[in-house]
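Enquirer: Chains as they are written, first to last, in my numbering: chain A, 1 to 307; chain B, 1 to 268; chain C, 1 to 286.
Treat the hints as calculated values from the structure; they're not laboratory data.
Treat the hints with care, since some could be wrong.
Simulated pairs of lysine-lysine, BS3-like, Cα-Cα distance not exceeding 27 Å [what the hints assert, rightly or not]:
| id | chain 1 | residue 1 | chain 2 | residue 2 |
| --- | --- | --- | --- | --- |
| 1 | C | K5 | A | K74 |
| 2 | A | K71 | C | K134 |
| 3 | C | K5 | A | K12 |
| 4 | A | K167 | A | K74 |
| 5 | B | K176 | C | K42 |
| 6 | B | K176 | A | K71 |
| 7 | B | K176 | A | K12 |
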Amino acid sequence: MAFLALEGLTRKFGTHLAVDGLSLGVEKGEFVALLGPSGCGKTTTLQMIAGFVEPTSGAIALDGRDLLAVKPAKRGLGIVFQSYALFPHMTVAENVAFGLEMQGVATAERTRRVAETLELVGLGTFAARYPRQMSGGQQQRVALARALVIRPQILLLDEPLSNLDAKLREEMQIELRQIQRSVGTTTILVTHDQGEAMALSDRIAVMNHGKVEQFAPPHEAYERPATPFVASFLGKTNLVGGTTVRPEKISFAASGLAGRVKTRIFQGNHWLYQVDTPSGLVTVIRQNSGETMPGEGETVHLAWGTT
Amino acid sequence: MSRNGPLALAFHALFVTFILAPILVVCFVAFTPEGYLSFPTDRWSLRWFHAIGRYPEFISAFWRSLWLGALSSAIAVAISVPAALAIARYRFPGREVMTTLFMSPLMIPHVVLGIAFLRFFTQIGLGGTFTGLVLAHIVIVLPFALRLTLASAVGLDRSIEHAAVSLGASEWTVLKRITLPLVLPGLVSGWALAFINSFDEVTMTVFIAAPGTETLPVRMFLYIQDNIDPLVTSVSACVIAITVAALVVLDRAYGLERLLVGRNVHGR
Amino acid sequence: MRAMKAAPYLLSTPALLLFGAIVVVPLAMTVALSFHDWGQYKGIEPVSILKNWHEVFTDSYFLEMFWRTFRIALLVTLLTAVLGVPEAYILNRMRSPWRGIFLLVILGPLLISVVARTLGWALLFGGSSGIVNKALMSMGVISSPLPFMFTETGMVVALAHVLMPYMVLAVWAALQRLDPQIENAAVALGAGPFTVVRRIVLPQIMPGILSGGVIVFALAASAFATPAIIGGRRLKVASTLAYDEFLNTLNWPLGAAVAVLLLLALIAIVVASSRLVEKRYAQVFG
Ligand SMILES: Nc1ncnc2c1ncn2[C@@H]1O[C@H](COP(=O)(O)OP(=O)(O)OP(=O)(O)O)[C@@H](O)[C@H]1O
Ligand SMILES: [Mg+2]
Chain A
1 MAFLALEGLT RKFGTHLAVD GLSLGVEKGE FVALLGPSGC GKTTTLQMIA GFVEPTSGAI
61 ALDGRDLLAV KPAKRGLGIV FQSYALFPHM TVAENVAFGL EMQGVATAER TRRVAETLEL
121 VGLGTFAARY PRQMSGGQQQ RVALARALVI RPQILLLDEP LSNLDAKLRE EMQIELRQIQ
181 RSVGTTTILV THDQGEAMAL SDRIAVMNHG KVEQFAPPHE AYERPATPFV ASFLGKTNLV
241 GGTTVRPEKI SFAASGLAGR VKTRIFQGNH WLYQVDTPSG LVTVIRQNSG ETMPGEGETV
301 HLAWGTT
Chain B
1 MSRNGPLALA FHALFVTFIL APILVVCFVA FTPEGYLSFP TDRWSLRWFH AIGRYPEFIS
61 AFWRSLWLGA LSSAIAVAIS VPAALAIARY RFPGREVMTT LFMSPLMIPH VVLGIAFLRF
121 FTQIGLGGTF TGLVLAHIVI VLPFALRLTL ASAVGLDRSI EHAAVSLGAS EWTVLKRITL
181 PLVLPGLVSG WALAFINSFD EVTMTVFIAA PGTETLPVRM FLYIQDNIDP LVTSVSACVI
241 AITVAALVVL DRAYGLERLL VGRNVHGR
Chain C
1 MRAMKAAPYL LSTPALLLFG AIVVVPLAMT VALSFHDWGQ YKGIEPVSIL KNWHEVFTDS
61 YFLEMFWRTF RIALLVTLLT AVLGVPEAYI LNRMRSPWRG IFLLVILGPL LISVVARTLG
121 WALLFGGSSG IVNKALMSMG VISSPLPFMF TETGMVVALA HVLMPYMVLA VWAALQRLDP
181 QIENAAVALG AGPFTVVRRI VLPQIMPGIL SGGVIVFALA ASAFATPAII GGRRLKVAST
241 LAYDEFLNTL NWPLGAAVAV LLLLALIAIV VASSRLVEKR YAQVFG
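Produce the entire structure from the sequences given, and follow the hints as far as they go.
Expert: Structure, rendered in structure tokens:
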């Protein structure tokens with residue numbers, strides 16, 4: 001049995017099925033992403049694991065024990081909330097120490113572990129500050145430190161990076177991955193950003209309408225999507241002659257499907273094309289290698305390998 | 001200084017004069033050296049402030065008002081906190097009706113409340129007692145206390161408490177260490193607003209206060225009904241000074257706009 | 001989950017008990033009281049008769065007094081709107097320190113004792129010893145004091161002063177919700193300042209003005225201290241009349257009937273006008 005096992009987890013709000021018979025097995029030390037569009041039930045799933053939402057039916061087991069029988073305060077999970085939920089009236093050190101205090105850890109030990117964890121997230125010098133005196137990225141790291149310091153069996157992250165700007169988000173992704181690797185905590189990350197999910201996780205659970213459509217390593221989900229929804233959600237796809245083809249798999253060739261370039265957009269490291277063909281509009285992505293590329297209005301031929 | 005034209009500024013000046021004139025005139029007349037109502041022109045005097053000391057009923061009414069306001073506001077806040085949490089956190093049958101009931105003292109004319117309390121307290125033997133005053137004042141200041149505690153309970157991010165729970169805090173610890181400290185500014189302001197309203201209440205209190213239990217506004221009101229002399233202006237000036245001081249403190253601590261408009265101007 | 005269902009009720013128990021015992025019961029008793037009989041020598045008789053209600057509805061004295069109460073309330077509402085709305089707009093256009101300072105100056109009096117504020121008006125215009133009257137007479141502008149005390153004009157002016165902050169507050173709150181870019185958009189389309197106010201700002205803050213008007217009307221119609229000080233024994237409104245019946249004549253049942261009627265009339269007016277405002281603006285601002 002998996003380390004964390006969700007079995008037929010269901011939650012209704014009135015008549016609305018937010019989570020619909022969801023089953024998922026997470027292995028120890030694994031980094032799993034719950035990926036899906038807004039409203040598909042990611043937060044609800046996470047809240048049920050944390051114990052703040054009660055499942056209508058289904059079971060959750062952690063390390064073979066029934067987790068639903070354990071009170072939220074006793075589950076020993078580390079949670080990073082989307083809003084961070086830092087205690088605004090406590091300093092960074094007090095925030096991080098809170099969980100240890102609740103466990104009755106002795107003061108000396110507490111101080112040591114708080115300092116250690118703040119060091120881990122790169123905030124060693126910020127211990128005496130209050131949350132509102134810190135930037136979004138720093139607050140996010142405090143939230144992470146607060147969750148990690150209690151050495152949780154599982155770390156739950158609810159869109160922890162969605163409030164950050166693109167550059168900071170990328171930095172934090174790398175940092176998050178490194179920290180998770182070094183600590184080895186089993187982690188579940190909720191996100192609706194497919195790039196983030198692919199960059200960070202060992203396996204992705206793609207969710208839609210409260211169900212898991214595919215649970216697989218990122219590369220596999222991308223290359224062999226189980227359903228059309230997974231295919232379209234994980235990057236752009238073309239439907240040509242009954243098969244789905246990724247835009248970057250199509251190249252311009254001497255012969256093949258003929259078409260006219262409708263629009264051409266330069267995006268730095270690649271070009272994005274929309275080509276009018278007899279079988280519909282086809283999106284093509286070509287790496288920018290510095291060569292001259294076909295312009296708008298030109299006739300081109302498209303080719304792709306059949307896999 | 002502003003984007004307003006001269007016409008607008010002239011209107012503004014007249015408006016401010018209209019608002020301030022009656023208040024300032026009370027304060028000025030209080031300093032008259034004469035024995036009758038007049039504007040102190042060449043000489044200022046504190047004689048009418050000293051004169052207050054010779055009217056023990058004003059002094060004792062003042063202390064009574066202070067106690068009454070402090071006590072009834074504290075109880076009102078203590079009652080509002082759980083009620084505000086219930087209204088802010090749960091959707092339950094009767095929620096709207098309950099909220100309307102708790103806010104109703106704002107809508108019911110105070111004359112009607114005064115009459116109702118007079119009849120009720122006389123029937124149950126609390127007529128003219130301080131206990132009766134306290135009960136009645138709790139009711140009329142509760143909407144103010146509830147409004148501010150409700151605002152801070154609604155503004156409280158639920159996930160902050162969830163974070164504490166996930167770290168192993170018991171319900172009681174969450175309440176003591178997280179919830180109460182976070183709503184405290186709202187409670188203090190709610191108390192202050194309730195206090196001011198209790199301290200100024202006259203319409204309802206005039207019905208239920210007896211000669212031994214008159215509050216300051218009631219004493220002033222009854223005094224003015226008989227005759228208007230400089231003594232009552234000096235008492236009024238003191239009341240105005242106390243209110244203004246409380247107002248400035250409240251403005252600094254919470255923001256008068258936020259207090260009255262009920263909108264969170266700091267943060268979002 | 002059963003404990004969760006009971007939680008909100010348990011939390012509200014203290015407040016519910018208090019309001020049940022000290023608001024609902026006394027109000028019910030007052031309604032009952034209005035049906036009791038009263039005599040000079042026999043006092044209150046706990047019977048159920050319509051005598052007081054009959055008297056309130058047929059005696060032209062009461063009719064006139066209620067008519068006066070609502071006439072005054074309406075005039076006060078109009079006066080606060082005419083003065084308060086432009087002032088709130090001007091205030092909103094002020095720059096930083098002044099805006100806050102004048103907001104404090106204008107809203108602050110809300111918390112200052114009504115008795116003290118009304119006393120101010122009595123000092124300014126009270127008969128021949130009123131300070132404004134004295135000044136005007138010594139300058140020879142007027143030969144006899146301006147009539148203010150014991151007049152409806154006096155009541156309207158003093159009440160407008162007392163209730164003005166509520167109107168400014170309501171309009172101010174509505175102005176805060178306004179998107180300043182909309183005004184700029186209108187200016188960019190060539191609208192002059194008056195057109196902007198009339199066509200863009202005013203329609204948007206109308207709900208605020210109307211809700212402020214409802215509050216001011218309700219408070220003016222039920223005001224007590226100001227009408228009692230300005231009107232004295234001579235000029236009665238509903239609340240001062242009820243007070244007299246209770247504490248001077250001691251005819252409590254009649255006083256209760258007047259008070260209950262005032263309450264019912266106010267509720268009817270406030271609920272009806274709020275409905276109207278909501279209906280009118282629901283589509284736009286809902
Ligand atoms: N307390 C609630 N009451 C009623 N419906 C709810 C509640 N919480 C969630 N829902 C509904 O359940 C569905 C799933 O919500 P959930 O918050 O899990 O979505 P999500 O996948 O986290 O979305 P997002 O990416 O926008 O955060 C939504 O349709 C939502 O409206
Ligand atoms: Mg979510």
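Enquirer: Are the hints correct? Go through all of them and say.
Expert: Now for the hints, and whether the structure bears them out:
1. A distance of roughly 23 Å separates the Cα atoms of K5 of chain C and K74 of chain A; the hinted pair therefore holds under the 27 Å criterion.
2. This hinted pair does not check out: K71 of chain A and K134 of chain C have alpha carbons roughly 78 Å apart, beyond 27 Å.
3. At roughly 17 Å between alpha-carbon atoms, K5 of chain C and K12 of chain A fall within 27 Å of each other, so this suggested pair holds.
4. Taking the CA atoms of K167 of chain A and K74 of chain A, the gap is near 37 Å; set against the 27 Å cutoff, the hint is violated.
5. For the hint pairing K176 of chain B with K42 of chain C, the CA-to-CA distance comes to about 58 Å; that exceeds 27 Å, so the pair is violated.
6. For the proposed pair K176 of chain B and K71 of chain A, the alpha carbon gap of about 19 Å is at most 27 Å, so the pair holds.
7. Between K176 of chain B and K12 of chain A, the direct Cα distance comes to roughly 33 Å. Violation of the 27 Å bound is thereby established for this hinted pair.
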